[in-house]
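Following the hints, put chains L, H and P in place on chain W, whose structure we already have.
One-letter residues, chain by chain:
4 protein chains.
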Amino acid sequence: MSKPYFKSKPEHPAPLRAVVSRTVRFEEVDPLGIVWHGRYPGYFEDGRVALGKRFGIGYMDFYNAGVVTPIKQIYVEYHRSLSFDASFSIEAILHWSEAARMNFEFILRDTQGLIATTGYTVQMMMDRENNFLLAQPPFYREFCQRWLAGEIA
Amino acid sequence: MSKPYFKSKPEHPAPLRAVVSRTVRFEEVDPLGIVWHGRYPGYFEDGRVALGKRFGIGYMDFYNAGVVTPIKQIYVEYHRSLSFDASFSIEAILHWSEAARMNFEFILRDTQGLIATTGYTVQMMMDRENNFLLAQPPFYREFCQRWLAGEIA
Amino acid sequence: MSKPYFKSKPEHPAPLRAVVSRTVRFEEVDPLGIVWHGRYPGYFEDGRVALGKRFGIGYMDFYNAGVVTPIKQIYVEYHRSLSFDASFSIEAILHWSEAARMNFEFILRDTQGLIATTGYTVQMMMDRENNFLLAQPPFYREFCQRWLAGEIA
Amino acid sequence: MSKPYFKSKPEHPAPLRAVVSRTVRFEEVDPLGIVWHGRYPGYFEDGRVALGKRFGIGYMDFYNAGVVTPIKQIYVEYHRSLSFDASFSIEAILHWSEAARMNFEFILRDTQGLIATTGYTVQMMMDRENNFLLAQPPFYREFCQRWLAGEIA
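First to last, the protein sequences are chains W, L, H and P.
Residue 21 in the working numbering sits at position 21 of the first sequence, and the numbers go up by one each step.
Residue 186 in the working numbering sits at position 33 of the second sequence, and the numbers go up by one each step.
Residue 364 in the working numbering sits at position 58 of the third sequence, and the numbers go up by one each step.
Residue 529 in the working numbering sits at position 70 of the fourth sequence, and the numbers go up by one each step.
For reference, chain W alone in the conformation it holds in the complex (with noise of 0.2 Å):
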């Protein structure tokens, strides 16, 4: 990954992280006894719902406000594959963005620590008429500013 999937300016507060543990499931795993690729939107949304979920930016906080995140992007990467019963971690990084979007960035790692699988998700904010927004909802962006104050660990 020698390229950042986001540019980050100096004035940006540092990305929020959340870490998962998880196990490859037997329905995972392919023919060739491997993690079929297409199971990996679903491990990457593991790790943005744990990082929703411990900041209080999840699925359901958007939705209350009367905001959905459809993801319009979202990209893979695969460099070791994993076996039925694995472990391994789910590192999700949400990067700072003043526009009414979600940019997460994910890191799979093995038991080693080697990393088995990155890529990264972009989401839009759109209301419940499938507008995209022009700015942040309200409390997202309190949220944020909190953010770009330090005060969000």
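No wet-lab data here; the hints were simulated from the structure.
Accuracy of the hints is not assured; some may be wrong.
[Said to hold, decoys possible] Capping the alpha-carbon separation at 20 Å, the derived lysine to aspartate or glutamate pairs in EDC-like fashion look like this:
1) Lys162/L to Glu251/L
2) Lys531/P to Asp110/W
3) Lys206/L to Asp544/P
4) Lys72/W to Glu383/H
5) Lys53/W to Glu333/H
6) Lys512/P to Glu550/P
7) Lys359/H to Glu448/H
8) Lys378/H to Glu27/W
9) Lys378/H to Glu333/H
10) Lys3/W to Asp85/W
11) Lys359/H to Asp85/W
12) Lys378/H to Glu251/L
13) Lys225/L to Glu383/H
14) Lys160/L to Glu251/L
15) Lys225/L to Glu251/L
16) Lys72/W to Asp569/P
17) Lys72/W to Asp127/W
18) Lys359/H to Glu383/H
19) Lys53/W to Glu27/W
20) Lys206/L to Glu244/L
21) Lys531/P to Glu180/L
22) Lys53/W to Asp391/H
23) Lys315/H to Glu404/H
24) Lys72/W to Glu610/P
25) Lys160/L to Glu244/L
26) Lys512/P to Glu251/L
27) Lys72/W to Glu98/W
28) Lys225/L to Glu486/P
29) Lys53/W to Glu142/W
30) Lys512/P to Glu610/P
31) Lys378/H to Glu230/L
32) Lys206/L to Glu536/P
33) Lys72/W to Glu129/W
34) Lys225/L to Asp416/H
35) Lys512/P to Asp238/L
36) Lys3/W to Glu91/W
37) Lys160/L to Glu230/L
38) Lys309/H to Glu383/H
39) Lys359/H to Asp127/W
40) Lys531/P to Glu77/W
Quick look at chains L, H and P alone, frame taken from chain W:
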């Protein structure tokens, strides 16, 4: 399949049937090279959807009448496994019932016509507040009257 | 659940049990906002894997002994639905059998301890050429002898 | 899609294409009533499998030549959502490469021909001991020669 999944009486009309063809997708196959057993509820659903569409009694028809039909029981019996890219057929068979429920039987056959899988689902009709219906909704009762009268085929 | 899924006799040892905790993942939820019924075979598998791991009689233990244990029957009964992010427990219960098969019962409970789902799976033991075993493989027979002797808990 | 996913040069032969039609299955739809974003790798695979089958360069063709072709990168861009039972087409487009890799582009279109989703996958060719191939396996190199000669259509 020595005994039938649902009892029928002489005065019941013949069951309704629909058949769809399908090919095993790569993501459905497990490390042993056969379709993972947990995919079959989805195959049964393919058959159920096809029958609903054919006769105008599908998910959306009920939904538009304010009724949902959640699965209350499912049973699957595995006779022959299916492999990647194998073609097979799914026959959905709706058995007669006067209650606010739907009793479906399923038969999956391989390209030689041999039975791969059988099973059934039982669905109960509920309103949108999750109350069980005591009687079939009007549109479906009318459908059943035509079925009983031999007007459905 | 008025009648038991598997008959037990007085001379049978008590079933073996394992419980895992789980949270509903977003991708498991259907348009009605509840877990899609076809996800439960995977939940059952989570319980079965946990029990196998706890007692050393899991998928890989059999595989290493040249034996596979495909599912031949599955039954699921839905009592209460589960929603996104709901926590629940999965109890897997292995019932005694002298045959080359495994009879598992499952009970899912919500955070209040109420039963959400019950069901069972039946697995048959086969060699790698897909022949049904007439008797349990040695490692598992020894395990069952210790189970019968009350040495497994 | 302002810029192409893969660069082409004037001396490259035209990409190969295959299109399959598909209907959204109930289990693919999320609580928001649209296809969950993580299902699209499976849709891409449907297109890739169709192209492989059409031209004799599919999963099993490589497998029988001792070669596996795991996905190393996947990218999906979501333009319009798809709902339950919606029909759509999946176009898989194989771009020319002289390396031991396969560069696939995908375009999903709704029934009106509007682009719903685009994306790509990159696969690397490996032997069964998981070593990257330095050159294309003979059967595929011959295929590419015929492709370059304009004999594939």
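Structure-based check of each hint:
1. Lys162/L to Glu251/L: holds, 12 Å
2. Lys531/P to Asp110/W: Holds: Lys531/P and Asp110/W sit about 17 Å apart, inside 20 Å.
3. Lys206/L to Asp544/P: At roughly 10 Å apart (the allowed maximum being 20 Å), Asp544/P and Lys206/L satisfy the hint.
4. Lys72/W to Glu383/H: violated, 37 Å
5. Lys53/W to Glu333/H: holds, 17 Å
6. Lys512/P to Glu550/P: Distance ~14 Å between Lys512/P and Glu550/P Cα, so the pair holds.
7. Lys359/H to Glu448/H: holds, 17 Å
8. Lys378/H to Glu27/W: The given pair, whose Cα atoms are some 16 Å apart, holds under the 20 Å limit.
9. Lys378/H to Glu333/H: violated, 27 Å
10. Lys3/W to Asp85/W: violated, 31 Å
11. Lys359/H to Asp85/W: Roughly 10 Å separates the two Cα atoms, so the pair holds.
12. Lys378/H to Glu251/L: violated, 32 Å
13. Lys225/L to Glu383/H: Since the Cα atoms of Lys225/L and Glu383/H sit roughly 6 Å apart, the hinted pair holds (cutoff 20 Å).
14. Lys160/L to Glu251/L: Status holds; Cα separation ~13 Å.
15. Lys225/L to Glu251/L: holds, 17 Å
16. Lys72/W to Asp569/P: holds, 17 Å
17. Lys72/W to Asp127/W: OK: Lys72/W and Asp127/W at ~15 Å, within 20 Å.
18. Lys359/H to Glu383/H: violated, 25 Å
19. Lys53/W to Glu27/W: violated, 26 Å
20. Lys206/L to Glu244/L: holds, 14 Å
21. Lys531/P to Glu180/L: holds, 16 Å
22. Lys53/W to Asp391/H: Cα-Cα ~10 Å, so holds.
23. Lys315/H to Glu404/H: Satisfied, since the Cα-Cα distance of roughly 12 Å is no more than 20 Å.
24. Lys72/W to Glu610/P: The given pair, whose Cα atoms are some 38 Å apart, is violated under the 20 Å limit.
25. Lys160/L to Glu244/L: Within the cut-off at roughly 18 Å; holds.
26. Lys512/P to Glu251/L: Distance of about 47 Å is beyond 20 Å: violated.
27. Lys72/W to Glu98/W: holds, 17 Å
28. Lys225/L to Glu486/P: OK: Lys225/L and Glu486/P at ~16 Å, within 20 Å.
29. Lys53/W to Glu142/W: holds, 17 Å
30. Lys512/P to Glu610/P: holds, 17 Å
31. Lys378/H to Glu230/L: holds, 6 Å
32. Lys206/L to Glu536/P: This hinted pair is violated, its Cα atoms lying about 31 Å apart.
33. Lys72/W to Glu129/W: holds, 17 Å
34. Lys225/L to Asp416/H: Holds. Lys225/L to Asp416/H sits at ~17 Å (cutoff 20 Å).
35. Lys512/P to Asp238/L: Since the Cα atoms of Lys512/P and Asp238/L sit roughly 10 Å apart, the hinted pair holds (cutoff 20 Å).
36. Lys3/W to Glu91/W: With a Cα-Cα distance of about 18 Å, the restraint between Lys3/W and Glu91/W holds, given a limit of 20 Å.
37. Lys160/L to Glu230/L: Holds. Lys160/L to Glu230/L sits at ~18 Å (cutoff 20 Å).
38. Lys309/H to Glu383/H: Holds: Lys309/H and Glu383/H sit about 13 Å apart, inside 20 Å.
39. Lys359/H to Asp127/W: Roughly 46 Å between the alpha carbons, so the hint for Lys359/H and Asp127/W is violated.
40. Lys531/P to Glu77/W: holds, 6 Å
Violated hints, listed in ascending order, are 4, 9, 10, 12, 18, 19, 24, 26, 32, 39; each of the other numbered hints is respected by the structure.
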